[in-house]
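Listed here are the chains, written in short residue letters.
There are 4 protein chains.
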Amino acid sequence: MKPEISKLGHFGLVSTDLVKSLWFFKEVIGLEETEVVNGVHYLRAWGDFEHHTLSIRAGEESCLDHIAWRTKRKEDVDAFAESLKANGTEIEWVEPGTEAGQGKAFRFKTPSQHTFEIYFEMEKTLASAETRSVLKNQTHRSWNRGVSPRRIDHVNLLSSLPTKEFADFLQEQMGFNLREYIEAPDGSYLGAWMSVTPLVHDIAVSFDPNAPSTHEVHHIAYWLDNAQDLLRAADILKENGIYFKGPGKHGISQAMYIYAIDPGSGVRLEIFTNGYLIFEPDWEPIRWTLDEMDIGFTYWGDQMDSKTENNPTIKA
Amino acid sequence: MKPEISKLGHFGLVSTDLVKSLWFFKEVIGLEETEVVNGVHYLRAWGDFEHHTLSIRAGEESCLDHIAWRTKRKEDVDAFAESLKANGTEIEWVEPGTEAGQGKAFRFKTPSQHTFEIYFEMEKTLASAETRSVLKNQTHRSWNRGVSPRRIDHVNLLSSLPTKEFADFLQEQMGFNLREYIEAPDGSYLGAWMSVTPLVHDIAVSFDPNAPSTHEVHHIAYWLDNAQDLLRAADILKENGIYFKGPGKHGISQAMYIYAIDPGSGVRLEIFTNGYLIFEPDWEPIRWTLDEMDIGFTYWGDQMDSKTENNPTIKA
Amino acid sequence: MKPEISKLGHFGLVSTDLVKSLWFFKEVIGLEETEVVNGVHYLRAWGDFEHHTLSIRAGEESCLDHIAWRTKRKEDVDAFAESLKANGTEIEWVEPGTEAGQGKAFRFKTPSQHTFEIYFEMEKTLASAETRSVLKNQTHRSWNRGVSPRRIDHVNLLSSLPTKEFADFLQEQMGFNLREYIEAPDGSYLGAWMSVTPLVHDIAVSFDPNAPSTHEVHHIAYWLDNAQDLLRAADILKENGIYFKGPGKHGISQAMYIYAIDPGSGVRLEIFTNGYLIFEPDWEPIRWTLDEMDIGFTYWGDQMDSKTENNPTIKA
Amino acid sequence: MKPEISKLGHFGLVSTDLVKSLWFFKEVIGLEETEVVNGVHYLRAWGDFEHHTLSIRAGEESCLDHIAWRTKRKEDVDAFAESLKANGTEIEWVEPGTEAGQGKAFRFKTPSQHTFEIYFEMEKTLASAETRSVLKNQTHRSWNRGVSPRRIDHVNLLSSLPTKEFADFLQEQMGFNLREYIEAPDGSYLGAWMSVTPLVHDIAVSFDPNAPSTHEVHHIAYWLDNAQDLLRAADILKENGIYFKGPGKHGISQAMYIYAIDPGSGVRLEIFTNGYLIFEPDWEPIRWTLDEMDIGFTYWGDQMDSKTENNPTIKA
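Protein chains in written order, with full-length UniProt numbering: chain D, 1 to 316; chain B, 1 to 316; chain W, 1 to 316; chain V, 1 to 316.
Misleading hints may appear alongside valid ones.
Stated by the list, open to error - Result set (EDC-like, lysine to aspartate or glutamate): computed pairs, CA atoms no more than 16 angstroms apart in a straight line:
no. : chain 1 : residue 1 : chain 2 : residue 2
1   : B       : LYS74     : D       : GLU280
2   : W       : LYS238    : B       : GLU292
3   : W       : LYS2      : W       : GLU172
4   : B       : LYS136    : D       : GLU292
5   : V       : LYS136    : B       : ASP235
6   : D       : LYS2      : D       : GLU172
7   : B       : LYS238    : B       : GLU27
8   : W       : LYS72     : V       : GLU284
Keep in mind the hints are simulated off the structure, nothing from the lab.
Okay, chain D solo, but in the shape it has when bound (with noise of 0.2 angstroms):
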C-alpha cells in the first residue's frame, strides 16, 4: 500500500533572538508551551492535538530546520523511507524522543533543498489543569493570550528552482494534490497550492528569480475561526509594534490573511481564516494566469510588497 501523508505537524524554527521569538509566539501571538526540553521551546495553538506544532531554539543562522509531515499509518514512515531512498533521496533517521513528544522520524532534502521531516508517533499531550479546556474534544481554552489562533494551517515555500519540478516532486513522491496554480505563458507555474487534506493547501511553493536561495519559506500560517478574529490580531499587533501586512483576502483559496514578521528569527507569520475547502475528489486544479495573478494574491486589502528585497525570507 502507497504511504500517505495525513497532515502538516509541526515547524522546527531556529531563532537568533530566541527570548523575542517566545515573546512573539507566546505573548503576542498567544500560542501554548507545553514544555522546555534542552532549550527548545515546544509550542502549540489553542486547538492543536499534538505535543507541538511549533518548536523553536536558539540558533546562530534564523531558520526552519525542519518542516515536519505526520502519515497516515505508522508502517507509512518506513514506506516513505524506503520510497524516497528508492527515488534517490538521502534520509537521516531521528531518533525518537530527539524532538519532545515524537516517534521514530527521518529528514530529508526536498529537490529544493528543503528540509522535510516524516513522522507519525506523536504524544497527543493533555493541557495542564491551568489552560485545559471545559470542552473534551478541545486541548486549552481559547483567549487566554494575543491573538489565540485555532491551530496550525499551512507552509509557504520560494524557491530559486521552478516550482512545477518542486511540484511534481510533492505529486508524485508524496502524494499531494495540486489545487491551484498560477500558470506563465510557457507552461511554467509561478506557484502551486497543495494538498492532502481538504484544505486548499496544507503546502504552496512559488518561483522567483530573486530568491536568495532554492530553500526559502515565504511564511508559516495558523488558523483563525473567524474573520472578525483578524481586526482584533490587527489591533494587538499593532499595539505591540510587530510589523505586518494586510488583512486583506485572496483570491486563491478565497481565504484572509494579516502577514506579521516575527522580530525575533524573521520568519513570516500568516494569520489566516475563511476560505473554501476541496472535498470533491475530482477537483480540476485552477489555473491563474498572469493577468489574473493579481486578483489570486490579493483579492482586495493590504497586499505584500511585491519586491523580493522589502520581503525578507529565512531558509529551511
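Following the hints, position chains B, W and V against chain D.
The following block gives chains B, W and V in isolation, referenced to the frame of chain D:
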C-alpha cells in the same frame, strides 16, 4: 480496493408546500437555483461546485426521499452496490439523468430504513453570467440574497432504533469514522457523529425511543464562514417570520448553530459555522456521558426544546 | 441655566467577596485597575477616559452604594443640589478625594430609594506605560485580558414601586429623555428606557411587584464594539465557570447582550453591543404593549428567566 | 437662546450618470428609496428615521448641491438665519416641499463656498409594508440588498483654504466641537474632526493646497454596526466591479473604513464602523502632529493614495 465515500452530496426534499419551501430556501436562505426539470427545483449554495446540493419537489408527504453520498472514484458506485448486496441490502438503480446533472446511481435503505443514494458522476455546472463570481474558484457570487450560506455541510438523522447498530453500519459498510458519541451507562449510544472528511460530522445519528419511526431526519445543514453571519441570519429569519432556535454553540463539534424550520416542508435546517476539523488519522472518538450530554448539545446559547413533541421531524 | 447631566459616570460596588469580584471584573471581564486607595479598587474599561467607572470594596452586604452621574458643567453640581433640595430631596455632600480622582460631589436617594451621586470633577488618568495604547485617543491597549469591553454603558434598575413615578423624576429632576417604554393597559409603565445621550438608554427602570425592595439593581452594563466579541465573551465566561444568559438580541434598543453574574457580589453584568443611536431632537418614545413585551425584551436568542426568584438582584 | 444643530441630515447629490448612481446606491450599497419626486430620488438607510438622507438627481456636473443640517428646535432655523446674516453670510430660503418631506429651510455658502442647508421639519416617513421591519424602533428591514448600512454618519470636506478658518466658522457660527485635529509646525491645521453629537465627527474638514477648489467633498459616509459587515461589503463591492480602498482602521476616530467610488457621480462613499463616542463635556481635542499624521489616517490596513491626482473629488 475497498470503495470509499468522498462526501455528502445532496438532499432530495419533498414538500407538501412547494411554493413556501422554494421561498424559504431561495429567498430567505438564499440558495441559487441551477435549473428546474420536470417540476424538480435543483438548488445549491454559492460555494457548492456540483449541479445541486438540494432538490425540492412537491409531494403529499414532506420527506427527504434520498440523502446522496458521492464516492471517491467512479468505479466505487458499482463496488458499493456489490458490497451492500453481499451484505443483504437491496439496491435500486437510478438511471443517469433521472436526477438532473447526475450519472449512474443507486438507492438503498439503511437498516434504519433511511433512504441513501450512492453516485459519482455529477455535472459541475457553471453559474449563469448574472450570478457568476468574479473569482475562478467560486461558483456564484456570495451575498446575493438572504442568509447566503457557502455550502452544504451535514445531515442529522433520528431513529427509534439503537444508535450503535446504525453507527456500526455506517462505519463498516460505508467507511465512516466515529468522531464523537454519547454513551449511556449500559454502553449503548444515544448519538454518534461520524465523517469521511475532516469535518467532525458529515452525518450524525441519534436515538430517541419516542421518535415517530426508525427513519426520521432531525435536520439538514448548510455552512456559513463566520459566526457573525449567524447573527445576521437570525435577523433575516426573524424579519421573515421563520421559527428558529439559537444562536448557540455546541460542545460536540464546537460549532455554532441556528435551527430554522422550513415553513413549507417542515424540515429543520441547521445554519452552521466554526467548529474544528480532524486531521489526525488516529483520532480517538470523544465519549460524552449522560451527565455531560447537556453541555455536549449546548455549550452556551439558546437551546432546542428537548421534548420530542415540540420537535417535529420528517422522514427520510 | 438649568443644570444638565452629561453621562453615566461610575458604579460604587460593594461585594461580600472582594477577591472573587476582583477576579471576575479584572481577569474574566478584563477591566483595568487605575489604583487601590483605602481598600477600594478603582477600575475602568480600556476606552474609559475617567479615573474609574467601577469601584469595588468589601462589605457585609453586596450592593451598589452609589450610581454616579457626571454633569455638563462644573457649576451644575451646585445647581442640581439646589434644585433637588427645593424639591424636598435630602442631599449628602461627598468631600473631594473621598473617592479617588473625584472632586466635589453629593449623593441623594431617588424617590425609589436608589442612591445616586452627582459630580463633575474627575481626573482623566493616563494609563501606565505598561498598558497604555499607542493611539493618542485611547486610554489603555484593548484585548489585554478576558472579555475586554470598551467602556461603561448603562444601568438598569428594578423597583417594587410604579415605574412612571420613577421615570417622571428622572425626566423632570434630572433631564432624562424617554426613549422606549412598556405600557400596561391601565396606562402604567412596566419599564422605561431613558437617556441624556444619543444612546437609547443611560438608565432603564422596571417595575416588578415581587421585587424584594423599591431600590434594586437589575444590571450594570459595559459596551463591546462588535457582536462577534460577544460570542468570544461567551466562550471566556463558560471556560471560567461564570453563569450567564444569552447571547441574544433585544427588540428594545436593538442591542445584543449577555447577562453574566459576578460570583463575588452577585451583581448582574450586561455585556452589550450594537443597537441604535437617537440623534433626533424630537424623538417620539417607542411604546410597547404587553403583547409586544416578549419581543421587546428578546428579539431572538437565549432569554432571561422571567421569574423573579431565579433572578436575584442587589440593592442600590 | 443660541440656536443649535442636532445632527447631519442629508446630502443632495447631483450625478452626471443618474442610472449608474442609483444602481450603486440602491443595489450595491442597498439604500431604500422613499419616493421619486420631480426626477429626484429620495433614499435612506434602513435605520434612518427621516424621509431621506440622500437625494440624487441628474445634472451636468456631479456635485453635492447641499449638505443639510437639522436644528435642535424648530425656531432654530430662523435663529440661525438671523445669526448668519448678522455675520455677513447671505442666505437663500428653500420653500417647504421643494425637497420632498422637508419644511422651511435655507441654504448658505460657508466661507469655503461649500453649500450648507439648515432645516428642522422633515417627515419621518414609515417604510412601505413590503420593506418595513417587524421591530417598532427600526424603519426598514435590514439586509434587503447589498452592503446594507444602518444610517448616515458624517461628511468630510476638502478645501484649498486653510482648515482653521473653516473649523472656526463651524465652531463659532454652528456650534460644532473640535474633537481631533492635525496641526502643522506653524500652528495651522491640516485637518479637523468636529461634531455636535458624541460621534467623533459629524463633519471633518481638510486642507489640501492642491485641491481643485475651496469647496470639495472628500467623502460622504454611512454606518455599519459591525466590522465583519465591512469585510462582507468588500466582497460585494468587488463582485460588482466597484473601485475601493480599504478595509483599514483610522487612528483618528479609531473607526474602520472602506472608501468606494460611486461610478455614476464619482462621489467617494466611506463605509464606516466601530470607533469611539465622546460623552465627556470637557473633551480636550486630540492633537496629531505631522509625524503622527500617517498613523492618524491609517492605523493599519489598506490606505488611500496620498496623491491628490489619484483622488478625484466632487464639489459641494
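Checked hints:
| no. | hint | in the structure |
| --- | --- | --- |
| 1 | B/LYS74 with D/GLU280 | holds, 12 angstroms |
| 2 | W/LYS238 with B/GLU292 | holds, 14 angstroms |
| 3 | W/LYS2 with W/GLU172 | holds, 11 angstroms |
| 4 | B/LYS136 with D/GLU292 | holds, 10 angstroms |
| 5 | V/LYS136 with B/ASP235 | holds, 14 angstroms |
| 6 | D/LYS2 with D/GLU172 | holds, 11 angstroms |
| 7 | B/LYS238 with B/GLU27 | holds, 14 angstroms |
| 8 | W/LYS72 with V/GLU284 | holds, 14 angstroms |
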